[in-house]
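**Q** Residue numbers (the numbering used here), protein chains in the order written: chain A, 1 to 153; chain B, 1 to 367; chain C, 1 to 210.
Rather than coming from a laboratory, the hints here were simulated on the basis of the structure.
A portion of the hints provided could be inaccurate.
Taking CB as the label site, the calculated pair distances span [claimed, not checked]: (1) A/Q8 x C/L90: 26 to 32 Å; (2) B/A173 x C/A197: 46 to 52 Å; (3) A/Q8 x C/G194: 57 to 63 Å.
The beta-carbon is built from N, C-alpha and C at its ideal position, and this holds for glycine as well.
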Amino acid sequence: MKRDPDIQRVEERMAPRVLSLDGFLGADHRPLEEILDADRRDVEQMGLSNQLIGRRLSELIDKTVAMLGRPLHVGNIKATYSEAMGRMPCPWADGRFPKGEIEILDESKGLRLLVTPSSGHMIEHHGFYEGRGSRYRVDPALAAELLGLTALP
Amino acid sequence: MMTILVAALVVCVSAVVLAILLLAAERFLINYGPCRIDINSGRKSLTVEGGQSLLGSLKNEGIFIPSACGGRGTCAYCKVKVLSGGGPVAPTEEPLLTGEEIASNVRISCQVKIRNDIAIEIPSDMFDIRQYKGAVENIRDLTYDTKELRIRLMSPDSIKFEPGQYVQLEAPAYGRNPEPIYRAYSISSPPSDSHYIEMIIRRVPDGICTTWVFDVLRDGDTVMLNGPYGEFKMTDSDRSMVWIAGGSGMAPFWSMIRHMKETGSKRKCTYFFGAVARRDLFLVDELQAISAEMPNFTFIPALSGENVPDDWTGQRGLITDVVARSLENPPDVEAYLCGSAGMIDAAVKMLTANGVSTDRIFYDKFN
Amino acid sequence: MIAQVTQQPVAASLIAILFAAAITDNILLTRFLGMCSFLSVSRQMKSALGLGLAVVFVTTATTAINSVLYRQVLIPLEKAYGVPADTMILILFIVVIAAFVQLMEMFIERVSLGLYFSLGIFLPLITVNCAILGSSLFMVTRQLDLLGSLIFGLGNGLGWWLAIMLMAGIRTRLRNARIPPALDGAGITLIIAGIMALAFMGYSGMIQVQ
Numbered sequence: 001m002k003r004d005p006d007i008q009r010v011e012e013r014m015a016p017r018v019l020s021l022d023g024f025l026g027a028d029h030r031p032l033e034e035i036l037d038a039d040r041r042d043v044e045q046m047g048l049s050n051q052l053i054g055r056r057l058s059e060l061i062d063k064t065v066a067m068l069g070r071p072l073h074v075g076n077i078k079a080t081y082s083e084a085m086g087r088m089p090c091p092w093a094d095g096r097f098p099k100g101e102i103e104i105l106d107e108s109k110g111l112r113l114l115v116t117p118s119s120g121h122m123i124e125h126h127g128f129y130e131g132r133g134s135r136y137r138v139d140p141a142l143a144a145e146l147l148g149l150t151a152l153p
Numbered sequence: 001m002m003t004i005l006v007a008a009l010v011v012c013v014s015a016v017v018l019a020i021l022l023l024a025a026e027r028f029l030i031n032y033g034p035c036r037i038d039i040n041s042g043r044k045s046l047t048v049e050g051g052q053s054l055l056g057s058l059k060n061e062g063i064f065i066p067s068a069c070g071g072r073g074t075c076a077y078c079k080v081k082v083l084s085g086g087g088p089v090a091p092t093e094e095p096l097l098t099g100e101e102i103a104s105n106v107r108i109s110c111q112v113k114i115r116n117d118i119a120i121e122i123p124s125d126m127f128d129i130r131q132y133k134g135a136v137e138n139i140r141d142l143t144y145d146t147k148e149l150r151i152r153l154m155s156p157d158s159i160k161f162e163p164g165q166y167v168q169l170e171a172p173a174y175g176r177n178p179e180p181i182y183r184a185y186s187i188s189s190p191p192s193d194s195h196y197i198e199m200i201i202r203r204v205p206d207g208i209c210t211t212w213v214f215d216v217l218r219d220g221d222t223v224m225l226n227g228p229y230g231e232f233k234m235t236d237s238d239r240s241m242v243w244i245a246g247g248s249g250m251a252p253f254w255s256m257i258r259h260m261k262e263t264g265s266k267r268k269c270t271y272f273f274g275a276v277a278r279r280d281l282f283l284v285d286e287l288q289a290i291s292a293e294m295p296n297f298t299f300i301p302a303l304s305g306e307n308v309p310d311d312w313t314g315q316r317g318l319i320t321d322v323v324a325r326s327l328e329n330p331p332d333v334e335a336y337l338c339g340s341a342g343m344i345d346a347a348v349k350m351l352t353a354n355g356v357s358t359d360r361i362f363y364d365k366f367n
Numbered sequence: 001m002i003a004q005v006t007q008q009p010v011a012a013s014l015i016a017i018l019f020a021a022a023i024t025d026n027i028l029l030t031r032f033l034g035m036c037s038f039l040s041v042s043r044q045m046k047s048a049l050g051l052g053l054a055v056v057f058v059t060t061a062t063t064a065i066n067s068v069l070y071r072q073v074l075i076p077l078e079k080a081y082g083v084p085a086d087t088m089i090l091i092l093f094i095v096v097i098a099a100f101v102q103l104m105e106m107f108i109e110r111v112s113l114g115l116y117f118s119l120g121i122f123l124p125l126i127t128v129n130c131a132i133l134g135s136s137l138f139m140v141t142r143q144l145d146l147l148g149s150l151i152f153g154l155g156n157g158l159g160w161w162l163a164i165m166l167m168a169g170i171r172t173r174l175r176n177a178r179i180p181p182a183l184d185g186a187g188i189t190l191i192i193a194g195i196m197a198l199a200f201m202g203y204s205g206m207i208q209v210q
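Hey, can you work out the whole structure from these sequences and the hints?
**A** Put into structure tokens, the structure is as follows:
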């Protein structure tokens, strides 16, 4: 299959050891376009949008990062940022985000999500939830439940 | 029979003609010949083979521009001012440059291909940056996720730097990515220890270089690094200093304070070191011993976690809040920051809100 | 065949060839050639525009070059040695196209970097685009002269460009549409292409194309 060179360049940056050790795609061997399409479809079926999920996740991430490692409590959610030095570029090269990871827990529902400071940006602006099997894969349904998002009217 | 031969001949002749055409085109169209790189209006002039990237050509000539991604056009560290001969800005550069930078001819040097004579401008201390080969002398644990890496320099066998500067450590290529990558680490040893370089490295989840340092690197291994880089140095003034660090942000200050002690500096300095829990603290005893010897130096560790034990006698709370509480005469202090990007952002915000002017707040570009 | 058309006054027949190639006999929507890049690079208008223009340029040029090759080399060879020109065209045309695209990539990079950044990156993609080869092969079946081939190639290229631009436009809109999951992606794109082809068939009465 012939590919759009722009998408191909982004996909190359997502490979292991280019920007991060394990890359952004995990064990997902589908082309990036297919990954994006499949997640967008799932999100639409829930009656949500990438923009909404991404924006809400970004808000939570920004607040958690500002806590510098001290856990953030919002309702039932406990979010903790493991700090790291340096910044990580987005594979689309349109922003750089603090390194490190954020664990979002909702013990009342027994939910756990591991994201990076760039996750919200990538979902909002690129519809990218990372590949299946990636350490920071954001399952849209899980994210929606954690963030308390319900279908748009 | 004749027909087949002629047919084969026609195909061969056409292929040969086209191949010759392509070779000729390669020879004349994409052979840029020797090109001249003029650096800082005649300060240095290099002649390189055209067709390579500006970053790569400079590196081959022993001029190192900071770059983390190995020339893939993602890290945006290798910015260089191209005065002439750079050609139009490539689509791969655009997202990495601000409008202001494009207007002042700043380019991403790994994405600039040398096609003709080119004139560039770089900070003059970049001429002093060298590539070093060293051997791991010792790796010791500072905390459960932080290590101190001590490297003996082999060739060249000594380095000159100012405390606060950083080097780039090369994580060699392995696995699927054939390019080595580079990560910046502040030097934590004092300049007097010139045959060695120490770094404080905290494990980054999913990090390429830190995982290599933690899991692969052993005593005696050969490592490559280049440096020193960075404008994060103490100024010559005698204004009192506020140092704010978190995690492995300790490194430049560990170099600075030992340098100040060796040179007998009397400058007033308060060092705030923030951590979440006690297990994240390190070098506390050493720093407290130094502060006992140096009356103008105060070391203030602070813990921000939820379950700080009762016997903790130091400060509590977010490091930014701790600093805000004890900041004296803000318009007249210089602030030096090193830590995670989140900490730097928060500290800059807090300091400016308290009246420290932005040109007296210093932190490393790689954050 | 088109022979009837070419007997008309030259300008009129050229316009007819151009129009027929671009619209009524659109190489993508009626012959379904060049589908691969059509499906995969029609997500965004910007990429579709770049690729479409690259195809216009390369199709025009290679159809003309291959026309010269066919008339000046292969036909005389057939007459002299009995090498059947029609069996030679496939292999020679594709080699010519591949070499031409390579040459062009180098040429554009040398001459205009701006053009190289906007079009050049698509050139490697179309080295083996079947619409381009198809244009050259149809040129032979239609027995066009050099000028006719040039216009025919241009028409085919423009037709392909038009089709991918339309598709990119539709797909941009489609992003907000609810599509049955099984049809999302390539499925719905093919269905749209089919409907577009039906629409283009509506033009077929306008010019006599046999």
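**Q** When you take the CB atoms of A/Q8 and C/G194, is the distance between them in 57 to 63 Å?
**A** Given about 28 Å between the Cβ atoms, the range is violated.
**Q** Could one say that the CB atoms of B/A173 and C/A197 fall in the range 46 to 52 Å?
**A** The hinted range 46 to 52 Å holds for B/A173 and C/A197, with Cβ atoms some 49 Å apart.
**Q** Can you let me know if the beta-carbon spacing of A/Q8 and C/L90 is within 26 to 32 Å?
**A** holds, 29 Å
Comparing the model with each earlier hint shows a violation of hint 3 alone; every other hint is respected.
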